[in-house]
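Participant: What follows is the residue order along each chain.
Protein chains: 2
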Amino acid sequence: MKFSIKKNIILEQLTNVSKAISTRNIIPILNGIKFDLNDEGLYLTASDSDLTIKSFIPSDKIESIDMQGTIIIQSKYILEIIKKLPSDIVNFEVIDSLKILIYTETSQYNLNCLNSGDYPQIELKERENFITIKALFLKKMIKQTIFAVSTQESRPLLTGINVKVNGELLECVATDSYRLAKKSIVLDKPYDDVVDIVIPGKNISELDKIITDEEKDVEIHIFDNKIMFKYEGILFQSNLLNGSYPNTSNFIPAEFVHIISVKLNDYFACIDGASLLTQSKEKNIVKMDAIADEIVVSSYASEIGKAENRISVERNVTDDISISFSAKYMMDALRTFDEEDIIICMNSDSKPIVIKSATDESLIQLVLPIKTY
Amino acid sequence: MKFSIKKNIILEQLTNVSKAISTRNIIPILNGIKFDLNDEGLYLTASDSDLTIKSFIPSDKIESIDMQGTIIIQSKYILEIIKKLPSDIVNFEVIDSLKILIYTETSQYNLNCLNSGDYPQIELKERENFITIKALFLKKMIKQTIFAVSTQESRPLLTGINVKVNGELLECVATDSYRLAKKSIVLDKPYDDVVDIVIPGKNISELDKIITDEEKDVEIHIFDNKIMFKYEGILFQSNLLNGSYPNTSNFIPAEFVHIISVKLNDYFACIDGASLLTQSKEKNIVKMDAIADEIVVSSYASEIGKAENRISVERNVTDDISISFSAKYMMDALRTFDEEDIIICMNSDSKPIVIKSATDESLIQLVLPIKTY
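Chain order of the listed sequences is P and Z. The first sequence begins at 318 in the numbering used here and counts up by one. The second sequence begins at 318 in the numbering used here and counts up by one.
A portion of the hints provided could be inaccurate.
Treat identical chains as interchangeable: a pair holds within one or across any two.
Cross-link-like lysine-lysine pairs, in silico, BS3-like; alpha carbons within 25 Å at most [stated by the list, open to error]: (1) Lys401 - Lys604; (2) Lys416 - Lys623; (3) Lys604 - Lys393; (4) Lys519 - Lys460.
Derived from the structure by calculation, the hints contain no laboratory data.
Pulled out of the complex, with its shape left as it was, chain P reads as follows (with noise of 0.2 Å):
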């Protein structure tokens, strides 16, 4: 293998490929990139055999091939390389079978390799039928609910995100048990098979980072146990959670006691204010208190003291309400409005809070409350 080629399409391309590799991985061989160089252009692979991600740089963007081949090059040192030549163009040039230079005209780094033979063989297919999002769509319905999915490992299913299709309708839920999130989008023309599948949440994140340009197209291709997604030259396809995700639709009441509208921003600095005296990092646990037209959010620690913040609100009801929760859970939820306002739904202090949009239903947060007594 030998060729040339301008520093940032290469460094591009691997950066985004990088992202399949895990820390956590002890086969030796998926440490590596895979170089493949053929007359159609350079395929660059990575995987963790959970997550696999292919890229394409077509040879009309390679300076010369002037040796086709395949290589697996250490994927922890070829990115900082990269990065630091002093030069527009790099060379790569395979020397002793299992070596690589990669050289400039003042720089040469001469990089052990993995054999190719070692590499699994991993299939990225597309279907014929597939689910076509505009890639701001999607990145935006990633954004509203990934902070959700659950860290734990002891309920595997809720690290991922439940992706639901039905026709034109297309539906994400995830949910940690404690909040839940959930939104939908209606898709330019109705997908033939009814989907419901759970996707880990950690390869969506890494799907997110590569998905960079909110302007093109992202093609979606579902398989039984895999789903791949087209992006620009990559294929980025990731294994899908085994089980069934539970039936959320349950969990969100439809119909509510209490409804306040409230401005999006000062709601947000009313829970953030309150929660600074709140000892416990992971549990801040705040009040919140609907008396006539206000909202009085406060926190209480008995060895710091008490904050107390308040806004002006609309209600559909005089009935007071007191209710606790998470001041974390909830401005994680607020954080994934664009409104300016919003509703806070709720029933009684024992029962989820719901919050909406006050015009577009598409988007839903849900927040349990903390009983504190």
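Let chain P serve as the given structure and place chain Z on it in line with the hints.
Facilitator: Positioned in the frame of chain P, the structure of chain Z alone reads:
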């Protein structure tokens, strides 16, 4: 104590004095900031007993002083609270003698306080005879030396910066015994006493953060066992380290066999690039070979591969020299120069490497070579 003040004014000074509060402090009262309000204005004091910072806000910068008084407020919460208050004006009011109410129209925080009677008496004295330095020069001198102080508590004196004053010459030296940084400046007028003191490096780092306006003057008041810096309304007093600092002037060779002129940025990139393949992050050793009119910087790690970067240079002799050193230490030293051209001076592969500006001798960086065989 009762007063109202602009949020930004109190926040700036609280941020300044809080730099004296140590996270390792075990004396409860020293976790607090002392508020002392009289008709001149508000004095804020914080201390970890090794370092004391006192700041003054004159009464004409305070919106209203309704009742004078003194109280100690926990530093941990007050900064965050003031930062997040949604108003321009903040009100302070002591209630029940050991509680302070911090409030705006919509927010109120009720914090437990500490008794001001328990706060240590700390005298911050000025001298008639002091040194004046422009903040710009002081900050630059700190940046050029502080990185070389030792982080090892086993030789406490080396954790400080050695400051010597003799007539109009002020000289700072820092060394961890593997590298040394020395910067001298000429004072506007000679100082009467001969000074040879060691200031704790960590306190100098805090001083550097507090001095933000480089156009202002800083006064330096030196005592037998402490040093006081006066900048704007802030008094910054540090204890000195006891003992005799090593006589470092002997360490720096006066004459050199090899003098190599390099472009600073190219030489830096050369070392940075070669250091990528060094295995240990701590001792990233590179080898530099000066041959004919080139420098070749290289590294080799058997499991990874090898790196080689070269630049053209100007040399005073044609003899080759091959020398190994820590890339990190060399890059730390190079970062202290503003000039485009510097000179690398050497005598042999086992003698100190000295880095200087080609035109200005006031800054000297020294890095010891490492024997690799």
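Participant: Now tell me, hint by hint, if it's right for this structure.
Facilitator: Hints, one by one, checked against the model:
1. For the homomeric pair Lys401 and Lys604, the shortest alpha-carbon distance between copies (18 Å) is at most 25 Å, but the shortest distance inside one copy (52 Å) is not.
2. For the homomeric pair Lys416 and Lys623, the shortest alpha-carbon distance between copies (11 Å) is at most 25 Å, but the shortest distance inside one copy (65 Å) is not.
3. Taking the shortest Cα distances, Lys604 and Lys393 sit within 25 Å of each other only across copies (22 Å), while inside one copy they are farther apart (48 Å).
4. Taking the shortest alpha-carbon separations for Lys519 and Lys460, only the intra-copy value of 13 Å comes in at or below 25 Å, while the best inter-copy value is 41 Å.
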